[in-house]
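Chains as they are written, first to last, in our numbering: chain A, 1 to 111; chain B, 1 to 114.
For the record, the hints were derived by calculation from the structure and aren't laboratory data.
We treat Cβ as the ideally placed atom computed from N, Cα and C, and that holds for glycine.
The reader is advised that the hints may include incorrect statements.
To be verified - Here chain B is said to cover these stretches of chain A; the calculated rule only asks that three of the stretch's residues, wherever they fall, bring their Cβ under 8 angstroms from a Cβ of chain B:
id : stretch
1  : 3 to 10
2  : 70 to 84
3  : 100 to 108
To be verified - Chain A residues, not near chain B, derived (Cβ > 12 angstroms throughout):
id : residue
4  : Arg16
5  : Asn19
6  : Asn23
7  : Thr26
8  : Ile89
The lines below spell out each chain.
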Amino acid sequence: DAKTTQPTSMDCAEGRAANLPCNHSTISGNEYVYWYRQIHSQGPQYIIHGLKNNETNEMASLIITEDRKSSTLILPHATLRDTAVYYCIAFLSGGYQKVTFGTGTKLQVIP
Amino acid sequence: DVKVTQSSRYLVKRTGEKVFLECVQDMDHENMFWYRQDPGLGLRLIYFSYDVKMKEKGDIPEGYSVSREKKERFSLILESASTNQTSMYLCASSRGGRGSYEQYFGPGTRLTVT
Numbered sequence: 001d002a003k004t005t006q007p008t009s010m011d012c013a014e015g016r017a018a019n020l021p022c023n024h025s026t027i028s029g030n031e032y033v034y035w036y037r038q039i040h041s042q043g044p045q046y047i048i049h050g051l052k053n054n055e056t057n058e059m060a061s062l063i064i065t066e067d068r069k070s071s072t073l074i075l076p077h078a079t080l081r082d083t084a085v086y087y088c089i090a091f092l093s094g095g096y097q098k099v100t101f102g103t104g105t106k107l108q109v110i111p
Numbered sequence: 001d002v003k004v005t006q007s008s009r010y011l012v013k014r015t016g017e018k019v020f021l022e023c024v025q026d027m028d029h030e031n032m033f034w035y036r037q038d039p040g041l042g043l044r045l046i047y048f049s050y051d052v053k054m055k056e057k058g059d060i061p062e063g064y065s066v067s068r069e070k071k072e073r074f075s076l077i078l079e080s081a082s083t084n085q086t087s088m089y090l091c092a093s094s095r096g097g098r099g100s101y102e103q104y105f106g107p108g109t110r111l112t113v114t
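For reference, chain A alone in the conformation it holds in the complex:
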């Protein structure tokens, strides 16, 4: 699995877009980029994933650069409930899904 690098922490004003970057410069062609978040005292929750194209769902948007070496998770209108640790991970599709989570980015949404 490709190693990912994320900033340790970020702040975002409530109502503004939160843009969380992730570097995965060693990602291979068939490794997906996944994003999860973990709200305090709960298990991680899946947000979104993508391979090459940008993706959007009801929670967030995922922008993957053309060379796939980095990506950005966008929360379009951050709320206080979005305060959490966000994990970016990359792993191969198919077969055994051994996944390694790093330490993630602690996002603090400020009123």
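Position chain B against the provided structure of chain A, taking the given hints into account.
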């Protein structure tokens, strides 16, 4: 609704005790995982299982074993608990086979070994 449940939310055990952490999923998932989470270290994979009776070591398997006798249940066993196994333990499951599938996590068990 997708559901992964863990047998206890909080557990206190003594050093040397044998500890069982149970995880059950109701989604007919092939893959199941056990992680531990410690401050500053993120989530670290202990073991995972891709089928009944099948298991693979993760990044930190020492001091742990697992059992998967039924598809829906994955147990983590601490044969002789030690204080350095005090941690939050998280179970997860996902679909198997070809393709890329998200993991669903349980609420976690906070284990304290005294």
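We went through each hint and held it up to the structure:
{"no.": "1", "hint": "3 to 10", "result": "violated (count 0)"}
{"no.": "2", "hint": "70 to 84", "result": "violated (count 0)"}
{"no.": "3", "hint": "100 to 108", "result": "holds (count 5)"}
{"no.": "4", "hint": "Arg16", "result": "27 angstroms, holds"}
{"no.": "5", "hint": "Asn19", "result": "21 angstroms, holds"}
{"no.": "6", "hint": "Asn23", "result": "16 angstroms, holds"}
{"no.": "7", "hint": "Thr26", "result": "18 angstroms, holds"}
{"no.": "8", "hint": "Ile89", "result": "10 angstroms, violated"}
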